[in-house]
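Those protein sequence lines, which keep their order, are chains Z and C. Converting from the first sequence to this note's numbering requires adding 56 to each position, the first position being numbered 1. Reminder that position 1 of the second sequence reads as -7 in this note's numbering, one-by-one numbering, no gaps.
No wet-lab data here; the hints were simulated from the structure. Take the hints with a grain of salt, since some may be wrong.
With a straight-line cut-off of 20 Å between C-alpha atoms, the simulated PhoX-like cross-links for lysine-lysine are [unchecked claim]:
| hint | chain 1 | residue 1 | chain 2 | residue 2 |
| --- | --- | --- | --- | --- |
| 1 | Z | Lys632 | C | Lys51 |
| 2 | C | Lys10 | Z | Lys632 |
| 3 | Z | Lys704 | C | Lys52 |
| 4 | Z | Lys72 | Z | Lys147 |
| 5 | Z | Lys554 | C | Lys10 |
| 6 | C | Lys169 | C | Lys199 |
| 7 | C | Lys52 | Z | Lys709 |
| 8 | C | Lys51 | Z | Lys645 |
| 9 | C | Lys48 | Z | Lys554 |
| 10 | C | Lys66 | Z | Lys554 |
| 11 | Z | Lys705 | C | Lys51 |
| 12 | Z | Lys345 | Z | Lys59 |
Over 10 Å on every C-beta distance to chain Z, these chain C residues come out as not near it, computed from the model [claimed, not checked]:
| hint | residue |
| --- | --- |
| 13 | Ile109 |
| 14 | Gln125 |
| 15 | Pro247 |
Each residue gets a CB set at the ideal place from its N, CA and C atoms; glycine is no exception.
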Amino acid sequence: MTKHIEGLLDFFIYKKCHHDYRRKKPEDKYCLARKFKAASMPDIDRVIERFEYVLKEETPVVFLQDKIALIRTLPVLPEIYTEEEICDISKGHHIHEQGKVCNVNPDYMSIIDVGFNEKRKEIKKACKIYNGSQLYYLEVMLKTLDIIEKFADRYREEAKRIGNHTAARTFEHIPREKPSNFLEALQFFRLMHFCLWCSFNYHNTIGRFDQYMLGYLEHDLKTGELTKASALELLEEFFITFNKDSDLYPGMQQGDNGQSMVLGGLSMKGTDSYNVLSELCLKASLELKLIDPKINLRVSAQTPVSLYEKGSELTRQGLGFPQYSNDEIVLPALLRWGYEKEDAYNYVVAACWEFIIPGKGMEIVNIDGLSFPQVVVNSFPRLIECASFESYMQVIHEEMDKLCGSMVHKYKNIYIEPSPVMSLMMEGCIEQAKDISHGGQYNNYGIHGSGLSTAADSLAAIKKFVFEEKAVTPELLLEMLSVDFKGYDKFANILRTKAPKMGNDDDLADQIAVDLLDMFADILAGFKNDRGGIYRPGTGSAMYYIWHAQSMMATPDGRRAGEPLACNYSPGLFTKCKGPVSIIKSFSKPDLIKVANGGPLTLELHDTVFRNDESITKVAMLVKSFMDMGGHQLQLNAVNRDILLDAKKNPQKYQNLIVRVWGWSGYFVELEEIYQDHIIERMELAIDG
Amino acid sequence: MIMKRCFSAKQGVIFDIKEFAVFDGPGIRTTVFLKGCPLRCMWCHNPEGLNPNPEKMIKKQGIENCGEFISVSKLSGILLKDQEFYKKTQGGVTFSGGEPLLQADFLYEVLQELNEIHTAIETSGFAAEEIFQMIINKIDLVIMDLKLIDSELHRKYTGVDNTIILKNLGILKDMRKPFIIRIPLIPKVNDTPSNLEAAAALLEGAKELVRVELLPYHRTAGAKYSMVGRAYAPLFQEDVPPSKEIGSFLRRNIPCIVL
Chain Z
57 MTKHIEGLLD FFIYKKCHHD YRRKKPEDKY CLARKFKAAS MPDIDRVIER FEYVLKEETP
117 VVFLQDKIAL IRTLPVLPEI YTEEEICDIS KGHHIHEQGK VCNVNPDYMS IIDVGFNEKR
177 KEIKKACKIY NGSQLYYLEV MLKTLDIIEK FADRYREEAK RIGNHTAART FEHIPREKPS
237 NFLEALQFFR LMHFCLWCSF NYHNTIGRFD QYMLGYLEHD LKTGELTKAS ALELLEEFFI
297 TFNKDSDLYP GMQQGDNGQS MVLGGLSMKG TDSYNVLSEL CLKASLELKL IDPKINLRVS
357 AQTPVSLYEK GSELTRQGLG FPQYSNDEIV LPALLRWGYE KEDAYNYVVA ACWEFIIPGK
417 GMEIVNIDGL SFPQVVVNSF PRLIECASFE SYMQVIHEEM DKLCGSMVHK YKNIYIEPSP
477 VMSLMMEGCI EQAKDISHGG QYNNYGIHGS GLSTAADSLA AIKKFVFEEK AVTPELLLEM
537 LSVDFKGYDK FANILRTKAP KMGNDDDLAD QIAVDLLDMF ADILAGFKND RGGIYRPGTG
597 SAMYYIWHAQ SMMATPDGRR AGEPLACNYS PGLFTKCKGP VSIIKSFSKP DLIKVANGGP
657 LTLELHDTVF RNDESITKVA MLVKSFMDMG GHQLQLNAVN RDILLDAKKN PQKYQNLIVR
717 VWGWSGYFVE LEEIYQDHII ERMELAIDG
Chain C
-7 MIMKRCFSAK QGVIFDIKEF AVFDGPGIRT TVFLKGCPLR CMWCHNPEGL NPNPEKMIKK
53 QGIENCGEFI SVSKLSGILL KDQEFYKKTQ GGVTFSGGEP LLQADFLYEV LQELNEIHTA
113 IETSGFAAEE IFQMIINKID LVIMDLKLID SELHRKYTGV DNTIILKNLG ILKDMRKPFI
173 IRIPLIPKVN DTPSNLEAAA ALLEGAKELV RVELLPYHRT AGAKYSMVGR AYAPLFQEDV
233 PPSKEIGSFL RRNIPCIVL
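The task is simple: from the sequences and hints, build the whole structure.
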């Protein structure tokens, strides 16, 4: 890391000096909305006025050390609708999350590679063939470009004023012209990304940065304008920009702003597209240790162990990435769902883990979530009439069908605020004079699948104890569950600890999980949404693993009423796991091509396994093995200090967390506090070492 | 005193099977922990491995069983399930404990079943010569502890004499079998220049020695004692970091790492 980068980290990340430039007066986020309501303005006028307002209110601030400028000074963005108006809209429309275009991947280069002047020509050409509201929309797009240009000009002036010639020179050129070098391309990206956030779009994913920016890097390396070292420095400054204003970005959870970057991936020629820029990105992330951008690695059978090793070194930093996505599963899945071949091969990862298409997908990949355990609970009344486990699985199928059916019928007539800024970078919007909020080339919805392990474990317990061993009658079992096991502690413990569990390479439980996912895929295959898209089943859980669990009664896997489900695609929270090898074996048994909306297996490994090169290679081999066995997505976490501190405070969440020191291992929550502290202390030594 | 074989040949007592052991040999391995040990090292971090019989462990959430009887066929069945996986990652199975040689007959029969799998053993080397040789012959990689060279100090800190251990080390050096020597570094006990020099001198020239691994003492060693009804009261200073001076090995061209 150079002194320049150390300085930037100190200024922007540790000391957050740039926050001093933020407006301190509390903003009234409905100040514009009230005005708009009074004037009964249509939504397209509202969004463009808001965008103009926000960029006007922004104060350009350039620091002498900036090679890549821009910071947010307006902390609060105004809404375009009052609360009453939203209420009215929701009476006839479905509103997803905050009702804005979000969690898509714009094709940034469609604007960056040509520059605004060329883009204007393109829009003006389209203007010739449209009239009425479509012509009006194209004019709004032109106005959007004007607004951004004006804002960039103010930054240019500020750069001149303060004496930052690099930034001034950059803003002389972009955004009117296409970039002449890597630096200008990065600044242009920062500008467009900044504008997306300012127009209230969120989860603005970065996408395949190593592919679309490669040309600029290679050009500069060839001419000698950059060396690999100076390119790395520039890249690190670029990475820092994702962390300057991220505290202002909306999301659904703490720290969840969706700035995900995807590296690598199989090309249509069958080669791996990992390149010199991908390499630099991994290096930058490793050196900076910042939470954004979140790195996603696309892997395939071609991917060498050495890349998994680099990934494992990154995991060691404790930031929770990289996340691995397996092209060998995702590509066939996307093709099977009807995506064009070129688009499938270009897939990226959305804010969390869903698979989306750059520039063409106006998809809501997290529109709802199926609770597998709820399906089991809903089937309880009919358990008594089932003579065999097979007939009970028929009931399960019927209940899942009902639940899925009720879900898909909710999402009619979706309303999303228009976004001309986003539309400028989405295919077909200029051509068809249509805002992306009305739909893109792909309009599919995704349904998560939460609590799979709880459901599989519950059904496994029923199969074993009710049908096979006849250790308990269905009536008695249901009685136990209805009273949350009160008075039946001994049997609850047997269910909790002695029944087959998904994740221990036990075919009894694992086969049930295979069947449940097959069922899920078959049921959703019959449905279409009102935008002509399909419903994609997945294995993610988002926040559903908490929401679905809170009001759910006790379940036959030994789970008590209200106890949370496992997050995403993972073993149950109190499952005593045999180990990561059994887990990856269990979780690669289902036919994941059919349920590839997204949702990783999460493996948590204690930091000791990242201690030296040899063990890092073994971690890499473990991840690769999961992919080779048919796994689709994996998130590997190095158990870090924060997790351990949380485990001290909330042991019930970490019952199967194992900590290891060489040949010693123990369940963290079973240790006396003094030993827990020793482990935590060792943790701190590990990260520096 | 040489430990006699305690159990019938067909059954053994184990207290854990740990997947994804990364420091117990090459590749991704599964480690089987056999119960029972003739030594009483002051720094032992697996006190649940000392008693050869199944026992109860008292934990925060209740009482749990520690240790179970298992047949040769059941154990080898469990291990063979992952043989494809071991092959692909060039890993295998490691036998540890406790002291695996204490159940040599049982271990021998299990090893017979695992011919296709790479096997390793972690041992103190404290066993009769014939038992040592019988097992080592069937093992692919030996990981042997060399705790203390001076016999008086060895008896003081581990409870047993090291004559038979050093004799077995001699046998090991003569066999054409790759081996690793492990030294748990206990502050002011065996991390002394004199002990490490003596250890290095013993290992000089051993052709099949892969390397020496030094394991610095860790404060979590005492964590499980109260759970098995034992007291942890080592006669050394726990909070002093051990010296990691590996010069003695490097001077003799002995590969050495600190884990």
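Results for each hint:
For the proposed pair Z:Lys632 and C:Lys51, the alpha carbon gap of about 15 Å is at most 20 Å, so the pair holds. A distance of roughly 12 Å separates the Cα atoms of C:Lys10 and Z:Lys632; the hinted pair therefore holds under the 20 Å criterion. A threshold of 20 Å between alpha carbons decides the hint, and for Z:Lys704 with C:Lys52 the separation of about 13 Å falls inside it, so the pair holds. Simply put, Z:Lys72 and Z:Lys147 have alpha-carbon atoms about 43 Å apart, too far for the 20 Å limit, and the pair is violated.
Between the alpha carbons of Z:Lys554 and C:Lys10 the distance comes to roughly 18 Å, so the proposed pair stays at or under 20 Å and holds. The hinted pair formed by C:Lys169 and C:Lys199 meets the criterion: a straight-line CA distance of about 9 Å does not exceed 20 Å. Between C:Lys52 and Z:Lys709, the direct Cα distance comes to roughly 15 Å. Compliance with the 20 Å bound is thereby established for this hinted pair. Distance restraint check for C:Lys51 and Z:Lys645: the Cα-Cα separation of roughly 34 Å exceeds the 20 Å cut-off, and the hinted pair is therefore not satisfied.
Between C:Lys48 and Z:Lys554, the direct Cα distance comes to roughly 17 Å. Compliance with the 20 Å bound is thereby established for this hinted pair. Distance check on the hinted pair: C:Lys66 and Z:Lys554 sit about 18 Å apart at the alpha-carbon level, within 20 Å; holds. Of the pairs offered as hints, the one joining Z:Lys705 and C:Lys51 holds, with about 18 Å between alpha carbons and a cut-off of 20 Å not exceeded. A hinted pair counts as satisfied when its Cα atoms are at most 20 Å apart, and Z:Lys345 with Z:Lys59 qualifies at roughly 16 Å.
Separation of C:Ile109 from chain Z is adequate, the least Cβ-Cβ distance of about 14 Å exceeding the 10 Å criterion. A cut-off of 10 Å between C-beta atoms confirms that C:Gln125 is not in contact with chain Z; the least separation is 24 Å. The beta carbon of C:Pro247 sits about 13 Å from the closest Cβ of chain Z, which is more than 10 Å, so the claim that it is off the interface holds.
Hints 4 and 8 from the list above are not met by this structure, while the remaining hints are.
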